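Trainee: Numbering (the numbering used here) for the sequence shown: -9 to 147.
Please keep in mind that the hints were generated in silico from the structure rather than gathered at the bench. It is possible that some hints are incorrect.
DSSO-like cross-link-like pairs, simulated, lysine-lysine; straight-line CA separation at most 27 Å [claimed, not checked]:
{"hint": "1", "residue 1": "Lys32", "residue 2": "Lys119"}
{"hint": "2", "residue 1": "Lys33", "residue 2": "Lys119"}
{"hint": "3", "residue 1": "Lys29", "residue 2": "Lys84"}
{"hint": "4", "residue 1": "Lys0", "residue 2": "Lys54"}
{"hint": "5", "residue 1": "Lys51", "residue 2": "Lys26"}
{"hint": "6", "residue 1": "Lys54", "residue 2": "Lys26"}
{"hint": "7", "residue 1": "Lys76", "residue 2": "Lys32"}
Since the model is a prediction, treat every value here as computed from it, not as a measurement.
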Amino acid sequence: RDLEFIEAAKKFNIDRFLFSFVEFEDDIVLFNDALKEIKDAKKILKIESQNGLNLVRKMTKLPKDIGLMAARDDLVVHVGNIEAMKGVVDIARKDRDAICASRLLMGLETGGEVTLADVADIDLAYLFKCRHFMLSDGISQRHFKKAIDFWTEYNKA
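Given these sequences and hints, build the entire structure.
Mentor: Structure (structure tokens):
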């Protein structure tokens, strides 16, 4: 279905793409071929599985038109907590503009407030050199104002 979405995107001059569950070099080749008509297309590869982590780890250099996203929720489901955290580190090392996504500010989901564990999680991601974050659907839909208030305060500190 990705190829159908790419064809539709071409009609609207969309040049930025987020690809889920990228796991093999063949996936990247497929996306590159499908996007060759789009000048300066930017591809973000969501890394969500062990195969995806293996792909990132064996890349010697990340092409300039490709970015990485550590999709932590799916990583935890597919590889467990410990390997997911190691994967986030590897992704951040491979791409200095990597996106750290999901499982952020979980205290908002569980108790309606940002917790010390949430702050520690963000601090740890910063230590890993993560500078770009993406909130989950649940946080964005149900706790957006509190999340933005937190980020504003966090960035001032």
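Trainee: For the pair supplied as a hint, Lys29 and Lys84, confirm whether the alpha-carbon distance does not exceed 27 Å.
Mentor: holds, 24 Å
Trainee: Against the 27 Å threshold, does the CA-CA distance of Lys54 and Lys26 hold or violate the hint?
Mentor: holds, 15 Å
Trainee: Verify the proposed pairing of Lys76 with Lys32, using a straight-line Cα cut of 27 Å.
Mentor: Answer holds: Lys76 to Lys32 is near 26 Å, not above 27 Å.
Trainee: Has the given pair, Lys33 with Lys119, been kept, meaning a C-alpha gap of at most 27 Å?
Mentor: Holds, at roughly 20 Å.
Trainee: Holds or violated: Lys51 and Lys26, Cα atoms, limit 27 Å.
Mentor: This hinted pair holds, its Cα atoms lying about 20 Å apart.
Trainee: Going straight from one Cα to the other, do Lys0 and Lys54 come out at no more than 27 Å?
Mentor: holds, 21 Å
Trainee: Just to be careful, I want the Cα atoms of Lys32 and Lys119 compared with a cutoff of 27 Å; is the pair within it?
Mentor: holds, 21 Å
Hint check: no violations occur; every hint is consistent with the structure.
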